[in-house]
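Enquirer: Using the sequences and the hints, build the whole thing.
Residue numbers (the working numbering), protein chains in the order written: chain A, 1 to 340; chain B, 1 to 403.
Check the hints yourself; a few may be wrong.
What the hints assert, rightly or not - Quick list of the computed label-pair ranges, beta carbon to beta carbon:
#1 B:D322 / A:E324: 22 to 30 Å
#2 A:A139 / B:Q362: 41 to 49 Å
#3 A:P192 / B:P258: 57 to 65 Å
#4 A:S191 / B:S327: 38 to 46 Å
#5 A:R299 / B:A80: 30 to 38 Å
#6 A:G50 / B:P258: 32 to 40 Å
#7 A:G257 / B:D15: 57 to 65 Å
#8 A:A247 / B:T86: 32 to 40 Å
To be verified - Listed next, the stretches of chain A that the computed footprint assigns to chain B, with coverage defined by at least 3 CB atoms under 8 Å from CB atoms of chain B:
#9 17 to 27
#10 138 to 151
Please keep in mind that the hints were generated in silico from the structure rather than gathered at the bench. Here a beta-carbon is modelled for each residue, glycine too, at the ideal position from N, C-alpha and C.
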Amino acid sequence: MSSPTGRLFPGVRLHVVTGKGGTGKTTVAAALALALAAEGRRTLLMEVEGRQGISQLFDTPPLPYEERRVARGPGGGEVHALAVDPEAALLEYLEMFYNLRRAGSALSRLGAIDFATTIAPGVRDVLLTGKAVESVKRAEGGRARYDAVVMDAPPTGRIARFLNVNAEVAGIARMGPIHSQANSVMAVIHSPRTAVHLVTLLEEMPVQETLDGIGELDAADLPVGAIVVNADRPPVLTSAQQVDALAGTLDRAALAGAVAAADVVTPRHSAVASVVDALLDEARDHAERVALAEQERERLLQAERPVLALPHLASGIDLGALYELADALRSQGFGTPVHP
Amino acid sequence: MTPSLWQGAHRLDVDALLDDPTTRIIVCCGSGGVGKTTTAAAVGVRAAERGRRAVVLTIDPARRLAQSLGLSQLDNTPAAIPGIDTSAGGSLDAMMLDMKRTFDEVVEAHAEPDRAAAILANPFYQALSTSFAGTQEYMAMEKLGQLDRQSQASGSWDLIVVDTPPSRSALDFLDAPKRLGSFLDGRLIRILAAPARAGGRAYVRVLTASLGVFSNVLTKIIGAQVLRDLQTFVASFDTLFGGFRERAERTYALLAAPGTAFLVVAAPEPDALREASYFVERLEQDRMPMAGLVLNRVAPVRLPELSAELAGAGAERLRDGDPGPDSAEALAASLLELHADRMRQATRQHHLADRFVAANPQVPVVAVPALAQDVHDLDGLRLVGAALAERRHAAGTPVPGRR
Chain A
1 MSSPTGRLFP
11 GVRLHVVTGK
21 GGTGKTTVAA
31 ALALALAAEG
41 RRTLLMEVEG
51 RQGISQLFDT
61 PPLPYEERRV
71 ARGPGGGEVH
81 ALAVDPEAAL
91 LEYLEMFYNL
101 RRAGSALSRL
111 GAIDFATTIA
121 PGVRDVLLTG
131 KAVESVKRAE
141 GGRARYDAVV
151 MDAPPTGRIA
161 RFLNVNAEVA
171 GIARMGPIHS
181 QANSVMAVIH
191 SPRTAVHLVT
201 LLEEMPVQET
211 LDGIGELDAA
221 DLPVGAIVVN
231 ADRPPVLTSA
241 QQVDALAGTL
251 DRAALAGAVA
261 AADVVTPRHS
271 AVASVVDALL
281 DEARDHAERV
291 ALAEQERERL
301 LQAERPVLAL
311 PHLASGIDLG
321 ALYELADALR
331 SQGFGTPVHP
Chain B
1 MTPSLWQGAH
11 RLDVDALLDD
21 PTTRIIVCCG
31 SGGVGKTTTA
41 AAVGVRAAER
51 GRRAVVLTID
61 PARRLAQSLG
71 LSQLDNTPAA
81 IPGIDTSAGG
91 SLDAMMLDMK
101 RTFDEVVEAH
111 AEPDRAAAIL
121 ANPFYQALST
131 SFAGTQEYMA
141 MEKLGQLDRQ
151 SQASGSWDLI
161 VVDTPPSRSA
171 LDFLDAPKRL
181 GSFLDGRLIR
191 ILAAPARAGG
201 RAYVRVLTAS
211 LGVFSNVLTK
221 IIGAQVLRDL
231 QTFVASFDTL
241 FGGFRERAER
251 TYALLAAPGT
261 AFLVVAAPEP
271 DALREASYFV
281 ERLEQDRMPM
291 AGLVLNRVAP
301 VRLPELSAEL
311 AGAGAERLRD
321 GDPGPDSAEA
331 LAASLLELHA
341 DRMRQATRQH
351 HLADRFVAAN
361 PQVPVVAVPA
371 LAQDVHDLDG
381 LRLVGAALAE
391 RRHAAGTPVP
401 GRR
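Expert: Put into structure tokens, the structure is as follows:
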């Protein structure tokens, strides 16, 4: 899974990012795209759910159905972004393969395009994944237009079905152009050129969904990439302190002495005692969370996939934070290495 | 920390809502991952233990409510939840929506057996009933309507708590049924269905002619066999369409009726609060009864008077003395840094909540502190319920359940 130089996913061109709602899937996809755009590379970050999450993250106007540069990669490089609109993708597809632009707009008026992209089963997914594969394959001046494509994909619960368009479509179209289009898309998605990364928090339910998702992806023979632990909080206590905090046996008197020495007690909160009470409560709370998180991390490690961790950022996510997260990924072997 | 704007907002009184016998339906809505399912379950448990005969309808395919209630499986029909304190005369049933089964039942109830069988076997129906974006929302509405009629008829429940599907947008719950309705009523469907309707009239011939051209294009794109399946599907489904739209409209009206209350659930994150704002706007526009905002998983802060800056400076003073890692000084420094980090997070969350309240001053708010433990049993749900009903704003007050 890693190259001789220890980099993760060296041959992967299409990175599909999924995760349970609320785990920060879009943020992680953006950080991956940035990490892959370092040192003069060019990546495409795609979103497929019409949410405009990318433009909010990069603080740009809403993205049209058009590839735009949204950020520079660290050390030179470019992140382009695209919000894929299934209807526009279908019209583009009709034009590209059937030279049917005029018929396309007639179909659009009849509601056929709406039909094809919302109800005709699998068609929507074929179009979205098809666009990703097209971007991977696109060449320009003898080399690939994009070094990597990162897709902010549907959530974990739907990912296997979303990527496994072949099965969906085969039930409906057993032959014909849609069928062959689906097949050529599947050839890339099932190949080592694709990796599906799963974003999670170290909490019980997201971890369970991640493990279930890996099971479904494996069963569908889809290439599972890394597990990305988002908003990871490094323990602030030593292991001895952690044990005492959990048991409620931290040395209160000694702590009170140290708090007094820290000189944080102002007239507004009358006594050292109240500060110590609050800190002890917070210590126990923290220790409980850490214990739970470590339990969940153990479960993730049993999946035997690379586990990457992104730090929790108390100040929230903005463009600067994305670069910080991209660096964290690079230092864990994802994308190009960080040079000292 | 200075008192925040949102802490001065109207306080959402959940117990008053639950105790009001005219409250018949509570809809928990919000974007994915904000804790809707847990909130719905907690509201159900609290209502039941305060004497309501409640039923919780959950839609989530991850079966999280089942986990939350300590059940391994929920069925498409409500089942009693054991372990509820019924001393106040209440009870709690719960069910999980089986989207396909609900759809199948509607078809079976409205079509002749032969035709129903043909519909159920059609690949387009199978896709529509399992993967069309919006079917889940539509069927959630359908099930809500059924539960409502059932409770009116048999009196088995006096409160229905609805969890909404985990769509990317909270608005999908309101919009999807209409979208499905307008699709089923659309021009394309009418054209495709035309040959199946009574033939001979002139317009049918015109339509058939244009359908010929149209079919050629479609055949070219999707293949002849797909088109045949599609036409069979549309033809056999045709008579049901009107019924579907009417039912969706009836349930939509039920949502706007007195006795319904929407609880908008959001996490104190930019995306979730943005979705919540959209939803609040939409409820007002459609004159739907909104009870208030549940601000879920707010970072609990003890001792808000000790600012991040002061705590950070204190930690630095202690670290300057280069204490050993297990010394009391190092512990105090770590805990002060932890406190500073929490204060920064809380400040950010308060800022986000303030922006929401500034834009929606009329919306009552209740904050539920993040619990250290995951919620997966009745006791956990009772804690969340107690936090929902807490009379003071949670930030700066002890976290429920703490000693």
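Enquirer: Work down the list of hints and note, for each, if the structure agrees.
Expert: Hint by hint, here is what the structure shows:
Between D322 (chain B) and E324 (chain A), the C-beta spacing of about 28 Å keeps the proposed range 22 to 30 Å intact. Separation of A139 (chain A) from Q362 (chain B) is about 56 Å and departs from the stated range, judged on CB atoms against 41 to 49 Å. Distance hint check for P192 (chain A) and P258 (chain B): the Cβ-Cβ separation is about 60 Å, which falls inside the suggested range of 57 to 65 Å. The given range of 38 to 46 Å is broken by S191 (chain A) and S327 (chain B), whose C-beta atoms sit roughly 55 Å from each other.
Between R299 (chain A) and A80 (chain B), the C-beta spacing of about 32 Å keeps the proposed range 30 to 38 Å intact. Taken as a hint, the range 32 to 40 Å holds for the pair G50 (chain A) and P258 (chain B), whose Cβ atoms sit roughly 34 Å apart. Checked against the hint of 57 to 65 Å, the pair G257 (chain A) and D15 (chain B) fails, with Cβ atoms roughly 44 Å apart. The hinted window of 32 to 40 Å between A247 (chain A) and T86 (chain B) holds, with their beta carbons roughly 37 Å apart.
Counting residues of the stretch 17 to 27 of chain A whose CB falls under 8 Å from any CB of chain B gives 4; the rule of at least 3 is met. Only residues whose beta carbon comes within less than 8 Å of a beta carbon in chain B count, and the stretch 138 to 151 of chain A has 0; fewer than three means the coverage is violated.
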